[in-house]
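Using the sequences provided together with the hints, build the complete structure.
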Amino acid sequence: MDIGNFSVSLAVKDIKASRAFYETLGFAVVGGDEAQNFLILKSPTAVIGLFQRMFDKNTLTFNPGWDAQGNTLDDFTDVRDIQKALKASGIALIEEADETTTGPAHITLIDPDGNPVLIDQHV
Numbered sequence: 072m073d074i075g076n077f078s079v080s081l082a083v084k085d086i087k088a089s090r091a092f093y094e095t096l097g098f099a100v101v102g103g104d105e106a107q108n109f110l111i112l113k114s115p116t117a118v119i120g121l122f123q124r125m126f127d128k129n130t131l132t133f134n135p136g137w138d139a140q141g142n143t144l145d146d147f148t149d150v151r152d153i154q155k156a157l158k159a160s161g162i163a164l165i166e167e168a169d170e171t172t173t174g175p176a177h178i179t180l181i182d183p184d185g186n187p188v189l190i191d192q193h194v
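One rule links them: number in this note's numbering = place in the sequence shown (from 1) + 71.
Just to be clear, a hint being listed does not mean it is correct.
Unchecked claim - Within a straight-line C-alpha distance of at most 25 Å, the following computed PhoX-like cross-link-like pairs (lysine-lysine) qualify:
id, residue 1, residue 2
1, K113, K84
2, K84, K128
3, K87, K113
4, K128, K158
5, K113, K128
Stated by the list, open to error - Pair ranges (Cβ atoms, derived):
id, residue 1, residue 2, range
6, P115, V194, 20 to 26 Å
7, L96, S160, 35 to 41 Å
8, V194, L131, 18 to 24 Å
9, E105, D169, 16 to 22 Å
10, N142, V79, 18 to 24 Å
11, M72, F92, 32 to 38 Å
12, E105, G161, 36 to 42 Å
13, A163, E105, 33 to 39 Å
14, E105, D184, 27 to 33 Å
15, T171, T95, 42 to 48 Å
For the record, the hints were derived by calculation from the structure and aren't laboratory data.
Being a predicted model, the structure only gives us computed values, none of them experimental.
Backbone N, C-alpha and C fix where the C-beta goes; we use that ideal spot for every residue, glycine too.
Here it is as structure tokens:
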């Protein structure tokens, strides 16, 4: 199963301070809107999201349908198919996608150590 491109979504207290910190580490803003309290930053080898007042905890994020540059893929596993496979494997979901729809949707689960895992399809 391919659950998509990986990034870390950080629950930050001060988006301006976090942006400055990660830009010093070589990250550049590639998406989001600071006025809406979220930014997506990329380095040559990593992607992070900065989210102020959106998440309670740092979250592992996967995006089906996107490559590492955020380009839409022609062929990918839909989040609803991922959901069906996870449920068939006995993994509990805390948020589910509506399986009667198509297009953007997300699911959320918790790993064995309590870390949130978001599978967020934007296409």
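Cross-check of the supplied hints:
| no. | hint | in the structure |
| --- | --- | --- |
| 1 | K113 / K84 | holds (20 Å) |
| 2 | K84 / K128 | holds (11 Å) |
| 3 | K87 / K113 | holds (16 Å) |
| 4 | K128 / K158 | holds (24 Å) |
| 5 | K113 / K128 | holds (20 Å) |
| 6 | P115 / V194: 20 to 26 Å | holds (24 Å) |
| 7 | L96 / S160: 35 to 41 Å | holds (36 Å) |
| 8 | V194 / L131: 18 to 24 Å | holds (20 Å) |
| 9 | E105 / D169: 16 to 22 Å | violated (31 Å) |
| 10 | N142 / V79: 18 to 24 Å | holds (20 Å) |
| 11 | M72 / F92: 32 to 38 Å | holds (34 Å) |
| 12 | E105 / G161: 36 to 42 Å | holds (40 Å) |
| 13 | A163 / E105: 33 to 39 Å | holds (35 Å) |
| 14 | E105 / D184: 27 to 33 Å | holds (31 Å) |
| 15 | T171 / T95: 42 to 48 Å | holds (46 Å) |
Taken one by one, the earlier hints fail for this structure only at number 9.
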